[in-house]
Amino acid sequence: MVQAYILIQTDVGKASTVAEEIGKIPGVVQAEDVTGPYDVIVRAQADTVDDLGRMVVARVQQVDGITRTLTCPVVHL
Numbered sequence: 002m003v004q005a006y007i008l009i010q011t012d013v014g015k016a017s018t019v020a021e022e023i024g025k026i027p028g029v030v031q032a033e034d035v036t037g038p039y040d041v042i043v044r045a046q047a048d049t050v051d052d053l054g055r056m057v058v059a060r061v062q063q064v065d066g067i068t069r070t071l072t073c074p075v076v077h078l
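Here the working numbering is used: the first residue of the sequence shown is 2, the next is one more, and so on.
Hints in this document: simulated from the structure, not taken from any laboratory. C-beta atoms are modelled at their ideal positions from N, C-alpha and C, and glycine is treated no differently. Hints may be right or wrong, so weigh each one.
Computed Cβ-Cβ distance ranges for the label pairs, DEER-style [what the hints assert, rightly or not]: (1) 76 <-> 14: 28 to 36 Å; (2) 63 <-> 30: 18 to 26 Å; (3) 51 <-> 14: 17 to 25 Å; (4) 48 <-> 14: 34 to 42 Å; (5) 13 <-> 49: 17 to 25 Å; (6) 77 <-> 13: 35 to 43 Å; (7) 14 <-> 78: 17 to 25 Å; (8) 37 <-> 65: 16 to 24 Å; (9) 63 <-> 6: 17 to 25 Å; (10) 51 <-> 13: 27 to 35 Å; (11) 78 <-> 52: 17 to 25 Å.
Required output: the full structure, derived from the provided sequences and hints.
Spelled out as structure tokens, the structure:
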């Protein structure tokens with residue numbers, strides 16, 4: 002299982018709507034609107050890195066109101 006945090010910037014006033022929509026995507030564990038340089042932080046999981054990448058590109062980035070994403074895979078050193 003691969004886990005990652007996805008840091009999301011949105012259009013002004015869209016953070017809560019974006020978080021709500023992303024929260025419905027299979028593989029998303031949690032989606033919260035936050036303050037700071039990012040507007041939404043998502044914790045997601047998938048079976049493989051490729052599956053995670055497909056989820057981000059095909060599902061997350063397609064949500065209306067998103068301007069930029071940064072995916073940070075969780076590593077266990």
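inquiry  = Check the structure against each numbered hint from earlier and tell me which ones fail, lowest number first.
reply    = Checked against the structure, the hints that fail are numbers 3, 5, 7, while the rest are satisfied.
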